[in-house]
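Participant: Take a look at the letters that make up each chain.
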Amino acid sequence: MNWDWGAVADFMPHFWDGLLVTLQALVLGSLISFALGLVWALLMRVPTRWVTWPVGIVTEFVRNTPLLVQLFFLYYVLPEWGLTFSALTTGVFAIGLHYSTYTMQVYRAGIEAVPVGQWEAATALNLPLRRTWTVVILPQAIRRVVPALGNYVIAMLKDTPMLMAITVLDMMGEARLFSQQTFRFTEPLTVIGVAFILISYLASVLLRTLERRLVR
Amino acid sequence: MSGPTRRSLLAGVAAVGALGTAGCSRVATASSTEGGDLLGRLKAQGVVRLGIAGEIPFGYIDTDGELTGEAPELARVIFKRLGVDRVQPVPTEFGSLIPGLNSQQFDVVAAGMYVNPERCAEVIFADPDYQMLDAFIVRKGNPKGLHDYKDVVEKNAKFATGTGYAEIGYAVEAGYKESDILIVPDQVAGLNAVEAGRVDVFAGTALTTREVVKNSGKAESTEPFRPIVDGKPHVDGGAFAFRPTETKLRDAFNVELHKLKESGELLRILRPFGFTRAEMTDLTAKELCGG
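Protein chains in written order, with our numbering: chain R, 1 to 216; chain B, 1001 to 1291.
It is possible that part of the hints are untrue.
As the list claims (entries may be wrong) - Simulated DEER-style distance windows between Cβ atoms:
| hint | chain 1 | residue 1 | chain 2 | residue 2 | range |
| --- | --- | --- | --- | --- | --- |
| 1 | R | N151 | B | D1230 | 34 to 44 Å |
| 2 | B | K1214 | R | M12 | 35 to 45 Å |
| 3 | B | D1180 | R | T209 | 20 to 30 Å |
As the list claims (entries may be wrong) - Which residues of chain R face chain B? A few of them, derived with a C-beta cut under 10 Å, are:
| hint | residue |
| --- | --- |
| 4 | F61 |
| 5 | N64 |
| 6 | P66 |
| 7 | Q70 |
| 8 | F73 |
| 9 | Y76 |
| 10 | A87 |
| 11 | T167 |
| 12 | L169 |
| 13 | L177 |
| 14 | Q181 |
Treat the hints as calculated values from the structure; they're not laboratory data. The beta carbon of each residue, even a glycine, is placed where N, CA and C say it ideally should be.
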């Protein structure tokens, strides 16, 4: 095993390209999963089976099938039905959709943890349903679940290398491409390994700060 | 006193560590004797592991689950003559063939791999068992009129090829921007990319592209052509690859290969896979490695 700094230097331009793609996938995937998860959570509270059952079935299905299979399906099968998206778009959507089925449970827990007295108070004040949700329930619920959502951001970061399977050149994809052309594996894989540690550490520090400010 | 003491625990950890390093070093040293002793070991085992890339018609597992293809069938014949009775496939991605060979995942690359200088720096090749031109997969009717790498650049076509393929270099030589190339895992994913409209063209060997479009209603393969390398039209040759230390095995393999070429048996073995007299070659690995 010999370490060649020259190979690291050669890899760095590819690394920055890959880093950008990884961060794009992470940020956009997180936003989709946060938004979509909230939608699922709210739909599950609609008091009719006509809504809760279909939503329940779809989200259970997505949560219980592997992300990799979903990626392959969205990238290779959908085009046969005339729906073609770029690799990165497909990847971002797949990660966002997959993780939204987890975050919906996080939101559900947060909403259920709001004391029932808050609901009663809102009713007593004759607040309309919309105001009850937007100014009473959700602000309290979301504040409670920020740490749990943060965990999923880090889990998503660690799942981004899967996008390599659908030709997205994230950090992992760039590292592999570089390795296959130069036959050097140690340097590029070590570099992205270190990068993953740094990004997840920074993300967790950021989230801890956010947590401290929200939960006083 | 019951339970392990700290000292015995340390000794145990050290022993495991020593075992681990012993295990590693066994894998790391390919062979100690000059020219390698792999052939002797293969004879003793009676089986040789072939690295294949699942590429029709070069080396693949057929619908009955049997290993076949140009290279594995040829390997069967040659290794039998060398005294190794059985071949065992190790399927992997094309781009992982050379790293896999060098990390001892298999003994020989039997994927009809093109011989080129970059690869010669990593492995040693037998003499080519066939020669081959490139061809493109394009949408039916070739709407952009793409016939070689120059067309791809001039007409701003979106270009794809496989991981670790020699075609990456040919496209770059023609002036295509390397970071714009879509790299797909294999030729089937390449066909899919063309059909789905993600790219305009996928480049591969003439035989690969011809085979993979057979069942496609939306794509076709173009006429085979010569890629330009160092300003000159180039013919590629595909060969078996061995670890750099195993020159003895490679030389023995070459001897049998040349016998098959002279007797015309080679063509008989390769013909079922779409090879013709035009693909038979006298090129040597040395020429293709660039000296």
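Participant: Next, verify each hint and record whether it holds.
Facilitator: Status of the hints after comparison with the structure:
Checked against the hint of 34 to 44 Å, the C-beta distance between N151 of chain R and D1230 of chain B comes to roughly 54 Å, which is inconsistent with it. For K1214 of chain B paired with M12 of chain R, a C-beta distance near 43 Å keeps the hint of 35 to 45 Å intact. The hinted range of 20 to 30 Å is not satisfied by D1180 of chain B and T209 of chain R, whose Cβ atoms lie roughly 40 Å apart. Restraint check, F61 of chain R versus chain B: the minimum CB separation of about 24 Å is more than 10 Å; hint violated.
Against a cut-off of 10 Å between C-beta atoms, the interface hint on N64 of chain R is violated, since the closest Cβ of chain B lies about 26 Å away. Interface hint status for P66 of chain R: violated, as the beta-carbon distance to the closest one in chain B is roughly 18 Å, over 10 Å. Violation of the interface hint for Q70 of chain R is found here, the shortest Cβ-Cβ separation to chain B being roughly 17 Å, above the 10 Å cut-off. Checking F73 of chain R against chain B: minimum C-beta separation of about 13 Å lies over 10 Å; hint violated.
For the restraint placing Y76 of chain R at the interface with chain B, the shortest Cβ-Cβ distance is roughly 6 Å, inside the 10 Å limit, so the hint holds. Hint status for A87 of chain R relative to chain B: holds, with the closest Cβ pair at about 8 Å, below 10 Å. With 10 Å as the threshold, the beta carbon of T167 of chain R comes within range of chain B, its nearest partner Cβ sitting at about 6 Å, so the hint holds. A hinted interface residue such as L169 of chain R counts as satisfied when its beta carbon comes closer than 10 Å to some beta carbon of chain B; here the least separation is about 8 Å, so the hint holds.
Taking 10 Å as the C-beta contact cut-off toward chain B, the hint placing L177 of chain R at the interface holds, the least distance being around 6 Å. The closest approach between the C-beta of Q181 of chain R and any C-beta of chain B is roughly 7 Å, which is under the 10 Å cut-off, so the hint is satisfied.
When the structure is compared with the earlier hints, violations turn up for hints 1, 3, 4, 5, 6, 7 and 8 and for no others.
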